[in-house]
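Trainee: Below, each chain spelled out in residue letters.
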Amino acid sequence: MQATQADATEATPVDTIDLRREFEDVDIASVLAQLDRELVGLAPVKTRIREIASLLMMERIRRKMGLATTFPTLHMSFTGNPGTGKTTVALRMAGILHRLGFVRRGHVISVTRDDLVGQYIGHTAPKTKEVLKKAMGGVLFIDEAYYLYRPENERDYGQESIEILLQIMESQREDLVVILAGYADRMEKFFQSNPGFRSRIAHHIDFPDYSEGELLTIADLMLDGQNYRFTPDARAAFEKYIAVRRTQPLFSNARSIRNALDRIRLRQANRLVSRLDRVLTSEDVMSIEASDVLASRVFAKGEVRAEVKAGEAQP
Amino acid sequence: MRVTQGCFSFLPDLTDEQITAQIQYCLDKGWAVNLEFTDDPHPRNTYWEMWGLPMFDLRDAAGIVRELSECRKIYGDRYIRISAFDSSHGWESTRLSFIVNRPKHEPGFRLDRQETVGRNQRYSTRSYAAERPEGERY
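If you read the protein sequences in the order shown, they are chains A and B.
Just so we're aligned, residue 1 is where the first sequence starts under UniProt numbering, counting upward by one.
Just so we're aligned, residue 1 is where the second sequence starts under UniProt numbering, counting upward by one.
So that you can see chain B by itself, here it is in the shape it has in the complex (with noise of 0.2 Å):
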């Protein structure tokens, strides 16, 4: 099952030319991207980790492209996503986030059911993969 995180996840894959196009987007807005990574697929799962520092100061889309190829190398069968933070008064915080790199097979979500006190139903979805252990997933 597909996961759809953050903007153009309904789209197909990004190319590499389209990320870079995306990239240099974010950086002309004067936002700072950074590369996030994570093997955990869960939606609520909002702290991924971090590749390198936030890009600050940077004018072209070169330099990122470059960082993502080097996770990609490391980290190409987890999730990999670019986000754009926007520092500016009234803000300051994400402007832009999207999956750039996913694992070739993703196993998808159980949805558990917990009868609890009266006819109450609890439900709480969890991924197949996070069955196992963090680092051996895909």
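Pulled out of the complex, with its shape left as it was, chain A reads as follows (with noise of 0.2 Å):
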């Protein structure tokens, strides 16, 4: 229906255009929201959402008004550490372009080195192609886009792949957007050695790291999407797990998280296997105690574990 009122308006361009109705009509209202829901933090990236949403709102409404438009450039690139969600906002940037109009399908075809490069000599332009092909018509997101480009190996086929992409980045405007994700310095390093392809890519987002605050906001979402729950005890043991987990070398923020909960979800099994003569509420099965959090290597540090013990002492 809003294929054929856009149809109708672009014969004859409009003076003037309700922007609750437009709004509403598209219903990106909706997205946002369920951005704003679904992911915590990242403020600056919503920021940033927020503003191409508009943008491309407004341009929507000047093709209906028959003014000039040329077509946005919508490529974008997203840096930041492990673990900021690169992926997840990538896969809801696809239903916003969707719904906007500037993609026809809103699929996500989610590529990496592997499926774009090929092995031997004439093997990677197919293969390329192929993948551009499927992403016709929605995203094609390239995760760790840095390791297209080898600079060390120079019989490496990245860099065909990259001139290919380049190419079609530019003259098929309309038919892709193109994704690039990867941790900040490595990618800044891949668009040195590739200048066109930071040109051509209008959206640099940075994905700050997650404060400590936002990563329990973090798993309480994820237990409360797997039916599970932090005792207070556990809770607060649990900040103390994320206080220090965050110092240690390999913290990757919401995966961290993510991995430490699915630890923590082992010992408590092991903790209600271990005695076999009780009865089980549903209570029980669901809430997860301090101590499933306290067994946590982490914790391991002599003074670390004396001092949450001291903690867990007070009433």
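Honestly, I wouldn't trust all of these hints.
Below, a list of computed lysine to aspartate or glutamate pairs in the EDC-like style, where the Cα atoms sit at most 16 Å apart [to be verified]:
#1 B/104 / B/13
#2 A/129 / B/67
#3 B/73 / B/16
#4 A/127 / B/67
#5 A/127 / B/13
#6 A/129 / B/70
#7 A/46 / A/156
#8 A/129 / B/57
#9 A/127 / A/156
#10 A/127 / A/163
If you anchor each label on the Cβ, the simulated ranges turn out as follows [as the list claims (entries may be wrong)]:
#11 B/108 / A/153: 34 to 40 Å
#12 A/202 / B/76: 33 to 39 Å
#13 B/108 / A/122: 51 to 57 Å
#14 A/58 / B/134: 38 to 44 Å
Keep in mind that the hints were calculated from the coordinates and are not lab data.
Note that beta-carbon positions come from the ideal geometry of N, C-alpha and C, so glycine has one too.
Can you join these two chains into the complex? Each is in its own frame, and there are hints to help.
Mentor: Spelled out as structure tokens, the structure:
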């Protein structure tokens, strides 16, 4: 119905547009609300997405009014530390672009170097083209894009793949949106060695690390989704866990939290199974106790453990 | 003489927009779309040459239209058709095929008659175009 309406108005440019109706028509608000609800923190990212969405809506309105428009460049690059939600946002992005009518199908093809670059001469171009064909009408999400380019190996075919990508990104802007994602420092290096890429990407979005409070909210959301919950003691212990874990090497934000929760669930299951002669209530099965959290190796360092124990002893 | 094979061949040639719409219809049905070309217009020639591989898992017609324009650049003087293969159980066969490109001049067919035993007549058709070797016909 939206399409026919757009077609009809395209033929005869209109002078006025009811902004509210337009906004409700596209139903972008629900996507943004969902983004707010399901993604914790990431304030700069959300602001940027809001801006992009507003721009796209104006673009749509201008088109309806018959004003000259150029098709906006929508390729994006998401940079940030591991576990900051780049992939999740990319998936949402496809939905937003689809609702605004800037991609026709709104599907996401997620690829890595393996899917684009071949192993032999003449292998790369068909592979890359195949992937691009599949992504047409939707979003092509290239994870860890910097692996495409391997300067140390001069017989590497990644460059060929990059050239094809760049060409399609420029010539078929209406047909697909490319989103690159990766860790900030390596992406910077990648863009330095491929200047064409940087200028063809309009939106560079940086994903900040989560604060401790946000990580705790994420943990609560994740547990809620799996029908578990912390007891108050366990929640306090997990807060301490986050504080300690953040200072340790290889910390990867939300992903570390997810892994920690997986291990905590293992320990909880083990605790429940270790005493067979009892009746379990659903409350028992759902609740995670402080001991499940405190058994973590993260607390292995003596002083931290003692501190947590002391804190626990207080009523 | 205009070759009429597959769908839509009694209609005027489809525009690119119409071709795109037809391809999108096939993709929405979940069929795999192929591009084939030949310079042998005989109606019994069912084995056309394939352009690339069948295109599985596509969602949007743009990719196929791009391939078609690539194919036209090289084989623009031959017949090119699009066929859609339905792999669903019970069908497992071509559901739709239509010609999207044809030579400028199609000389048509000759009917050969042959006397055989008794007073029987045998008939065969032969394309005038096929008198020249493959690759030099149109």
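Trainee: Could you run down the list of hints and mark each one as holding or not?
Mentor: Hints, one by one, checked against the model:
{"no.": "1", "hint": "B/104 / B/13", "result": "12 Å, holds"}
{"no.": "2", "hint": "A/129 / B/67", "result": "10 Å, holds"}
{"no.": "3", "hint": "B/73 / B/16", "result": "15 Å, holds"}
{"no.": "4", "hint": "A/127 / B/67", "result": "14 Å, holds"}
{"no.": "5", "hint": "A/127 / B/13", "result": "32 Å, violated"}
{"no.": "6", "hint": "A/129 / B/70", "result": "12 Å, holds"}
{"no.": "7", "hint": "A/46 / A/156", "result": "37 Å, violated"}
{"no.": "8", "hint": "A/129 / B/57", "result": "13 Å, holds"}
{"no.": "9", "hint": "A/127 / A/156", "result": "15 Å, holds"}
{"no.": "10", "hint": "A/127 / A/163", "result": "13 Å, holds"}
{"no.": "11", "hint": "B/108 / A/153: 34 to 40 Å", "result": "58 Å, violated"}
{"no.": "12", "hint": "A/202 / B/76: 33 to 39 Å", "result": "36 Å, holds"}
{"no.": "13", "hint": "B/108 / A/122: 51 to 57 Å", "result": "41 Å, violated"}
{"no.": "14", "hint": "A/58 / B/134: 38 to 44 Å", "result": "56 Å, violated"}
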